[in-house]
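Throw the hints in and build the complete structure from the sequences for me.
Number of protein chains: 2
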Amino acid sequence: MARVHPDIYFFGGGIAEGRANMRELLGGKGANLAEMASLKLPVPPGFTISTRVCTYYYQHSGKDPYPRGLREGVAKSLKRIEKIVGRRFGDPDNPLLVSVRSGARVSMPGMMDTVLNLGLNDSTVEGLARITNNPRFAYDSYRRFCQMYGSVVLQLKPTNPHEPDPFEEIIDRKKAARGVTQDVELTTEDLKELVNEFRQLIRERTGHDLPQDPHEQLWAAIGAVFRSWRNERAIVYRKIHGIPEDWGTAVTVQSMVFGNLGDDCATGVAFTRDPATGEKGIYGEYLVNAQGEDVVAGVRTPNQISLKAGRRWAERNGISEEERRARYRTLEEAFPDLYRELVRIGQTLEKHFRDMQDIEFTIERKKLYILQTRNGKRSAEAAIRIAVDMVGERLIDRRTALMRVEPDQLDQLLHPRLDPQAKKEVLARGLPASPGAATGEIVFSAEEALAAAKESRPVILVRVETSPEDIHGMQVAQGVLTARGGMTSHAAVVARGMGKCCVVGCGELVIDAAEGLLSVNGRTFHRGDYLTLDGSTGEVIAGKVPTIEPTMSPAFKKFMGWADQERRLKVRANADTPHDAKIARDFGAEGIGLCRTEHMFFGEGRIDALRETIISETPEQRAEALKKIKPFQRQDFIEILRAMNGLPVTVRLLDPPLHEFLPKTEGELRDLASKMGVSYERLKQVCDSLYEFNPMLGLRGSRLGITDPDIYKTQVEALFEAAIELRKSGVKSQVEIMLPLIGDRKELEILAAQIHDIAREVLNSNGAKINYTIGTMVEVPRACVLADEIAQVAEFFSFGTNDLTQMTYGISRDDAGKFLKAYLDRGIYPHDPFAHLDPKGVGGLMAMAIERGRKANKKLKLGICGEHGGDPASVKLCHRLGLDYVSCSPYRVPAARLAAAQAAIEERQKGAAFKDV
Amino acid sequence: MARVHPDIYFFGGGIAEGRANMRELLGGKGANLAEMASLKLPVPPGFTISTRVCTYYYQHSGKDPYPRGLREGVAKSLKRIEKIVGRRFGDPDNPLLVSVRSGARVSMPGMMDTVLNLGLNDSTVEGLARITNNPRFAYDSYRRFCQMYGSVVLQLKPTNPHEPDPFEEIIDRKKAARGVTQDVELTTEDLKELVNEFRQLIRERTGHDLPQDPHEQLWAAIGAVFRSWRNERAIVYRKIHGIPEDWGTAVTVQSMVFGNLGDDCATGVAFTRDPATGEKGIYGEYLVNAQGEDVVAGVRTPNQISLKAGRRWAERNGISEEERRARYRTLEEAFPDLYRELVRIGQTLEKHFRDMQDIEFTIERKKLYILQTRNGKRSAEAAIRIAVDMVGERLIDRRTALMRVEPDQLDQLLHPRLDPQAKKEVLARGLPASPGAATGEIVFSAEEALAAAKESRPVILVRVETSPEDIHGMQVAQGVLTARGGMTSHAAVVARGMGKCCVVGCGELVIDAAEGLLSVNGRTFHRGDYLTLDGSTGEVIAGKVPTIEPTMSPAFKKFMGWADQERRLKVRANADTPHDAKIARDFGAEGIGLCRTEHMFFGEGRIDALRETIISETPEQRAEALKKIKPFQRQDFIEILRAMNGLPVTVRLLDPPLHEFLPKTEGELRDLASKMGVSYERLKQVCDSLYEFNPMLGLRGSRLGITDPDIYKTQVEALFEAAIELRKSGVKSQVEIMLPLIGDRKELEILAAQIHDIAREVLNSNGAKINYTIGTMVEVPRACVLADEIAQVAEFFSFGTNDLTQMTYGISRDDAGKFLKAYLDRGIYPHDPFAHLDPKGVGGLMAMAIERGRKANKKLKLGICGEHGGDPASVKLCHRLGLDYVSCSPYRVPAARLAAAQAAIEERQKGAAFKDV
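Residue numbers (our numbering), protein chains in the order written: chain A, 1 to 917; chain B, 1 to 917.
Do not take every clue at face value.
Remember, identical chains collapse to one label, so a pair may be satisfied in a single copy or spanning two.
Claimed, not checked - As a list, the in silico BS3-like pairs of lysine-lysine whose alpha-carbon atoms are at most 27 Å apart:
{"id": "1", "residue 1": "LYS861", "residue 2": "LYS840"}
{"id": "2", "residue 1": "LYS713", "residue 2": "LYS239"}
{"id": "3", "residue 1": "LYS423", "residue 2": "LYS818"}
{"id": "4", "residue 1": "LYS818", "residue 2": "LYS746"}
{"id": "5", "residue 1": "LYS239", "residue 2": "LYS746"}
{"id": "6", "residue 1": "LYS308", "residue 2": "LYS83"}
{"id": "7", "residue 1": "LYS627", "residue 2": "LYS818"}
{"id": "8", "residue 1": "LYS557", "residue 2": "LYS582"}
{"id": "9", "residue 1": "LYS684", "residue 2": "LYS818"}
{"id": "10", "residue 1": "LYS675", "residue 2": "LYS628"}
{"id": "11", "residue 1": "LYS239", "residue 2": "LYS423"}
{"id": "12", "residue 1": "LYS192", "residue 2": "LYS840"}
{"id": "13", "residue 1": "LYS713", "residue 2": "LYS818"}
{"id": "14", "residue 1": "LYS821", "residue 2": "LYS684"}
{"id": "15", "residue 1": "LYS423", "residue 2": "LYS544"}
{"id": "16", "residue 1": "LYS859", "residue 2": "LYS684"}
{"id": "17", "residue 1": "LYS746", "residue 2": "LYS840"}
{"id": "18", "residue 1": "LYS728", "residue 2": "LYS582"}
{"id": "19", "residue 1": "LYS582", "residue 2": "LYS558"}
{"id": "20", "residue 1": "LYS858", "residue 2": "LYS192"}
{"id": "21", "residue 1": "LYS746", "residue 2": "LYS821"}
{"id": "22", "residue 1": "LYS821", "residue 2": "LYS713"}
{"id": "23", "residue 1": "LYS664", "residue 2": "LYS818"}
{"id": "24", "residue 1": "LYS664", "residue 2": "LYS684"}
{"id": "25", "residue 1": "LYS732", "residue 2": "LYS855"}
{"id": "26", "residue 1": "LYS684", "residue 2": "LYS239"}
{"id": "27", "residue 1": "LYS675", "residue 2": "LYS627"}
{"id": "28", "residue 1": "LYS558", "residue 2": "LYS423"}
{"id": "29", "residue 1": "LYS280", "residue 2": "LYS818"}
The set of hints was computed from the structure by calculation and includes no laboratory data.
Set out below in structure tokens:
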């Protein structure tokens, strides 16, 4: 059959003028309806007016807003629908009702407008009542239409959230007058009165009556949907999601079907596989004699679709098989033929779209209609199982399977999580800094946390913000909660590194540690009260909530194995302790990309010695103090190197400024002074002399190596001695010594020479040979610009993208909270640059460093060890930039492996696409 | 005559095998001696062994270290000398003595070794005594030779500074035994004994006697000079000054002449023009019967060379003409023929080298010898006068004249300076942050300074460091002295901007402001005691020192006019006040490149209103508070724009974080709270909420414009209202509104749109039209990388190289003091990057920004407004980078104009040089 108009795409009755791949013209909804119609699935017939008309509409405001012939085309298309369904638009005896819906290229849920039940007027409503034999249904539909038309088409709605909706106000008055509370309690007569009152309102407000001509209604609705593309909330939504203004919306006009005409009607939602577990087989819920929105609304409890799921559901809820059969019949039992048809349709759609489908259906008078299908959302567990199963079923290949799972989702599988069934009282929401779930008693200091740990009491460490001194407290806590700081604050970074649940920057917290009080949004908690954190959502929850432990399924292992075959990027972990190193290997890390050594200076026997070093007045005192630390550090290195057993381990020499190791308050200082046998004044003077206005840009990193070479010397000796010790027991080590904050070739040269000297000395005196390389963190912009010079000395570069982002933007991550939200809200930054690597600015500098560095030193090894190494988008950018490896928190290793695989696959697809051209 | 060896260059007796342009082979000294010989000037004959031999020497250690034929060549050259001077090397009757000196391509003063009086032994010393008829002279020369040979050739010298010199020890013992204190009091016998004791020491220490064979002495001395190229202090010196190791030194062997053989001998130093004033005519000092070092040593007072200068000197010192003629005879009077010869030689050399010469001469028995000539050092005043005069004399062209003056020198002419004749007790030395001299009473706070100013008492403001609150105190102080901070600390930057004498980072200061005490290196001063600062040297001086006021001579004006004709770069000034703007124009600024507006928020009636703004709780309170500030700012802008009378004025909107405007101590906070009628707790809470870990990277610059748009709105309104007001009285304005800290195109877009809106509103309501442009400071690295995007919105870029340097290096200028010295000492950084623009790192980013920016916006105007804009090396870099203008402190404008001219001339010369190739 010929097309009626170039901008109208008909579907239904065996015809489908559109296809799934025509989303640009038909919107997502219209394209999928056309596709289903082409598969001869029972879709109510209709047609889609293309997005081109939307563009035309806005270009011709003030004139006739529709292209030539469109009106005639719509009329002809309506005739086609009438022919298929056997009803006529505006026919008082057998009226056709239609829906008018928006549909953009990408889903913009709830942003634009819809009109249902269009075609009703004073005479067709009577016809509907007759043919459905259900006057209440007919008048309820008319009442809804009047309300929707008034609100959407005539814009009779509140202008601010405090104003009541004028139609709802009328309904409320009616219910009050009748002495009822529920809409369903209103009689047919009540509904008729409501229709009149609604029309009265419309007359008063607009000066015109509700149009009785269905065609007039239709064109008014079509215009309203086009106009809704530019309503305020749609504009804001597009700005936030970066959707171009000129895409426009399509309009789909479709005949209505009803699941609420009686007990031979139903409506439901079905998944082709279980979205929680991935188990194959239809899974979903339905309601008899109901409308689609009733399933979602939760007023009535829906029943299961399959018998298997129904029985499982009953068992879980302690319901006997008798009771279940009586009160909770499954679709399989209630409508066995339609159930089989639904299963068949599900299989057809799944085979067609090669993915698990989420299907909306309605049964009108024992006839099944499919209203929508789309790829179903699913849990991480289900995503992996479905992907692996579908490869087994030869529905998809392995690469497609790998592209189907969001790397970020994998986190769900590696951390305990809150039982989704459990009730919870959410007090506030902070930033989801480190995933997982944690429940414990509130403590306000690392000391309290350690004390509780000795008694095996689980705790949540609550701090305004954390500092390196809190690390041991964080280690023993179940979770960490801070009032300040962003996604890369100290608490966030350290907690992610530990794989510890953490919520940061929860501004609603008012912490009074002295009194042991935590206030949050009007509630007050005491030290010892229980609190629960959800590190995946940022929720702070009162009391205890049960959690679910993670498991790694065989499907997961198989899936990750496929990922490893695809990826080119190596994946390492940021691990500072033997414990972290072990977890990292379990999660598939191929080495340690960042072993921070500052933690090796904390802990008993160390911090005091380091403080002695800092306040020492002679080189001898200093050497004496450092001598005390070395054995501890040697042991730390032995255990880390042993855990990695020959895999590369990148050790970063001390990075933070020394003042971070000194106490802050006068009381602590006085304690320390008396402990160390120095005067308070002397200690205070040292602290004051170390004060910095901008510690981020101060005396830290390799600058310490230049000004205080003894500390680096101690670290390097400990490291080489550890490697020698291990060698004796046959364990190999591959050591990469990394100098932080290098910005100049000479700076690196001097420090590298010092390290080589120490190596020679230690190794010679032991007659040993250890493989080691020396490289630098690239984290100041100058190192990127001078990468060619630096690469002549460095054997590897590791991009420290946290600091590189800070310095490239000129933003301190600790202070960014004050304005970052405004920058994200106003769309100045598309993302938090500390969460996703900035491809243009920071990425531009990295690209420069990579090009210049590789040119100067062909053997240069390139990696990234900033927090971005665990962010899938950033991992993909690193792949495109041509790095050799990424390094991230142990718990992010699987996500990074998958993201790396996806990056490789995307690259291949792009390459193939270019070849086609 | 034929060359005796390819590596030996003879000079003297009418021969000169080398030339001045052969410094690479002959070293500076050898090349200039050859040049003078070629001019037939009376140079004692000699020869230079080229630097190639030095290279050969080091390549053949352990073997014969000299190229074939060198020994024979040296012997032949000695014969030539003998022939010319009529004495023979080693001849007991008429011995020739020679000096053996080092000489590198560039001067390395005192780093390498020299041996004088070589050729003396037990028999030639007697001959010398006979022919000079002066045994004491002969034995003193022998004694000196033994000592020098022992120390330099045989390395008998102390190994550390605490050890005494073994030869000096023997002399001291001898003087003690003779009961005398001066060397000259030792008799010929004493000197003979010293020779014997020295030789005894040499035998004991080396097992060998002092060689008696003059040829053996000579080769030992030549080897010692070559070896001294690699002595420790020479290596360190080269490292610091970036002199390549492989240049090597030349060795010059020259016959000795003596100015100390009797009253017909003399020695002196003559300048061809007065080095202090530039006045033409020979100027210098000499001593009868003396050695060269006596003139410098100051044991005897030297006499003037010319009669004119001698009379002037006597007059100044209150000496009568009779006494002068009797006791202080000039060379012109004592040796009239030789004086005329010296004048002639001076003229010859000046004409030849086309620059003022500094000549060392010796008169031996009424014969004049020239020992050295070099371009003379001179004061700024002299430099300009000489340059301008020489153009008048057609000795040099204007461009050469412009290249002759160091731009930095001009500072001396613009600021008062300490009387160089005055005595001074230097207490300590800080960093010379802002030139000039200042004397005043010590005060410790801005308040004290203001109080003293009301009584017209001059003060020196002494602070640990300064902050914006000190600015009014700084304005009224004569000078500023701080204990902390570097060349670009707040005090330094602000003081330079004010043209105020300032010394910063003087670590020796111990300040007790509460007690009103200042201790420095053991001396204690009280509030009100006098202190003097020399901002050009960093000296902190006790008490009052008289100062000299600056004058701008006609020569200066002519000279600067020539500079303006040459330069391509425009020069603007950083000026924040009408007073600064006026000075800037007087110094030749062509606009204001940076008008900081933060100062407009300090001062009475403003700071309180701004604080109200900061702590306001409602938009209305905020608007009310800002309304109070606007009239003040409008008036400020009116005066600045009027002072610049149509020249461009770049106004930077508020840049510092708001917490800088709040008081710091609890006492101040409590005062403010009661003054503002808010609770201390509320005020404290606001302050705490504004606290930042790294304020440099925090909520400041344009980020304030995004989060607190009202402040920028007030500023922009005040600015446009000011321009309109001026327009009414016929004064034009050219306003450039500059947004600081921009790092993203969208950020600039939003702020530019806000400014355009305000402009429209203000200008429309006044029916006025004002020329304005909107641009951005480029000071975060990201702005450089994304310059193409930003330039699509910005009409100009102004590089804020202070912050750009901080972020490119990852160094806070306020904290850099802790390690910058170590970085400079170890040669990691060739210069302080805050003093001289880093050409590779920061310059590399600037080059990228310029290329990308210009490509995207051909009309983009480019400038620099960081402190580097007043540094000549940085100005030249800016020229090469292709900027349109530089902007600097008003007092640096002349230096920048000259540097810009020199950059243009250098570019032309380079271009010409390339053309030649």
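Against the structure, the hints come out as follows:
1. LYS861 / LYS840: Both: 23 Å inside a copy, 24 Å across copies.
2. LYS713 / LYS239: between (53 Å within a copy, 24 Å between copies)
3. LYS423 / LYS818: neither (33 Å within a copy, 56 Å between copies)
4. LYS818 / LYS746: Between. Shortest inter-copy distance 19 Å satisfies the 27 Å Cα cut-off; intra-copy 38 Å does not.
5. LYS239 / LYS746: The answer is between: 12 Å across copies meets 27 Å, while 47 Å in one copy does not.
6. LYS308 / LYS83: Cα proximity of LYS308 and LYS83: none, with 40 Å in one copy and 124 Å across.
7. LYS627 / LYS818: between (43 Å within a copy, 25 Å between copies)
8. LYS557 / LYS582: within (18 Å within a copy, 76 Å between copies)
9. LYS684 / LYS818: For LYS684 and LYS818, the Cα distance is within 27 Å only across copies (17 Å; inside one copy 31 Å).
10. LYS675 / LYS628: within (16 Å within a copy, 55 Å between copies)
11. LYS239 / LYS423: Answer is neither; intra-copy 35 Å and inter-copy 72 Å both fail.
12. LYS192 / LYS840: Neither way: LYS192 and LYS840 sit 61 Å apart in one copy and 82 Å across, limit 27 Å.
13. LYS713 / LYS818: between (40 Å within a copy, 20 Å between copies)
14. LYS821 / LYS684: between (38 Å within a copy, 24 Å between copies)
15. LYS423 / LYS544: Within one copy only: 10 Å inside, 81 Å across.
16. LYS859 / LYS684: Neither, since 48 Å and 56 Å both go past 27 Å.
17. LYS746 / LYS840: between (29 Å within a copy, 14 Å between copies)
18. LYS728 / LYS582: Answer is within: at 22 Å inside a copy they meet the 27 Å cutoff, but 78 Å across does not.
19. LYS582 / LYS558: Within one copy only: 21 Å inside a chain, 77 Å across chains, cut-off 27 Å.
20. LYS858 / LYS192: Neither, since 83 Å and 69 Å both go past 27 Å.
21. LYS746 / LYS821: between (40 Å within a copy, 15 Å between copies)
22. LYS821 / LYS713: between (43 Å within a copy, 21 Å between copies)
23. LYS664 / LYS818: Both: 24 Å inside a chain and 20 Å across chains, each within 27 Å.
24. LYS664 / LYS684: both (10 Å within a copy, 20 Å between copies)
25. LYS732 / LYS855: Close neither inside one copy (32 Å) nor across copies (54 Å); limit 27 Å.
26. LYS684 / LYS239: neither (52 Å within a copy, 38 Å between copies)
27. LYS675 / LYS627: within (19 Å within a copy, 56 Å between copies)
28. LYS558 / LYS423: The answer is neither: 35 Å in one copy and 87 Å across copies each exceed 27 Å.
29. LYS280 / LYS818: Answer is neither; intra-copy 48 Å and inter-copy 66 Å both fail.
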